[in-house]
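Starting from the given sequences, assemble the full structure and let the hints guide the process.
As you go down the protein sequences, you meet chains D and X in turn.
The opening residue of the first sequence carries number 1 in this note's numbering; numbering runs sequentially from there.
The opening residue of the second sequence carries number 204 in this note's numbering; numbering runs sequentially from there.
Hints listed in this document are in silico derivations from the structure and should not be mistaken for laboratory results.
One or more of the hints may lead you astray.
Examples of chain X residues toward chain D, derived with CB under 10 Å [as the list claims (entries may be wrong)]:
hint, residue
1, K210
2, F218
3, V259
4, I264
5, D269
6, V293
Which chain D residues stay away from chain X? Per the calculated CB distances, all over 10 Å, these [what the hints assert, rightly or not]:
hint, residue
7, K7
8, I22
9, S26
10, A28
11, P70
12, K81
13, G120
14, I139
15, I143
16, M157
17, M181
18, Q195
19, L197
20, R201
Ideal Cβ positions, reconstructed from N, Cα and C, are used throughout, including at glycine.
2 protein chains.
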Amino acid sequence: MESSLPKGLKSLISFFDRLPGIGPKSAARLALYLFQTPQSFLDEFSTAVNQLKNEVKTCSICFNLDDSDPCRICSSEKRNKNRICVVERVLDVLAIESTGKYTGVYHVLGGVINPLAQVGPEELTVEQLMHKISDNPEIEEIIIATNPTLEGEATAMYLKKKIDEDGKGVLVTRIGHGLPMGADLDYADPGTLVQALEGRRQL
Amino acid sequence: MESSLPKGLKSLISFFDRLPGIGPKSAARLALYLFQTPQSFLDEFSTAVNQLKNEVKTCSICFNLDDSDPCRICSSEKRNKNRICVVERVLDVLAIESTGKYTGVYHVLGGVINPLAQVGPEELTVEQLMHKISDNPEIEEIIIATNPTLEGEATAMYLKKKIDEDGKGVLVTRIGHGLPMGADLDYADPGTLVQALEGRRQL
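Rendered as structure tokens:
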């Protein structure tokens, strides 16, 4: 549909179109919107894109992203280093941090085990997690917070088995599943309802 | 929620967050996605943003955007210059062009009359449209293709009245309203159903 557009716009549309969750129509809208912003905004935006990777470091302990290595969370004295929350991606760290209720540290797997996409434990930071557990005799709990998807569940089961093999009897927990806050029972899918029933607690 | 993120990521997230239709969560996802692309992609993307306005020209006849002025449509000998389709924005030109069925030319208003947003006819290219009509004795038809919104309808009525005042008796038409192709009568809103009934045609 961009046949009659000038080159500059077409080029930017094609870049937006390649980003996840942005289709050709949204890409065209975004590019047209940017076209109407002042050049100074475009300059700043362009610089932000270009320098995205400058000075961003991957934490060598938990594989989170931050300005420093170790990251703010791993180097904070207030965090309990003996409780590790295992998540798939950096954004999951942000989501849990936004609650302000978690005082342990994290371990970013970098994805989930997915044989169809040829992602095995070797492609993830599983080995580093195992070392972290065996190197720390005071470890209290490993909270597995992978997403409640097929791959997330399989990865959780894999990690549980792997940690148990260590023979140290470390407590491994899984984040709670069930109805999200504000949800409508009526609209919930059967899978979620089964999880909610199985995860019921005494009041 | 970006409290623990490195500066580079935070900065890009804030730019994405300012774009229309992108909320804070999507902004973070996009920035993280870009972080995982090679620097060469970031370089090219950044250049596309920076040079967006280079060599893009606004057509002085129809106010469409193109590499040349007049634009490809206005300078094409195949297009009927006596049939003008009046649209709100450049993207509407693209949408109609994508049908491949329209052989006339366009006139981009640059928006709609919206007193609440302090947009009057002076802020749009209404005067230029009037000149175009009065300067062309062979004009056949003005198709008003503003969106079927409150402001779009009001703008259409305003233009119709204004063109009629010219006294030249130019044919002014409005694009058809009714059920979109593939729609379900059941799910249509009452306004669309009223339009569909009023716009019924004999078979």
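TODO: Would you list, in rising numerical order, the hints stated earlier that this structure does not obey?
DONE: As far as the earlier hints go, 4, 7, 8, 9 and 10 are violated by this structure, in ascending order.
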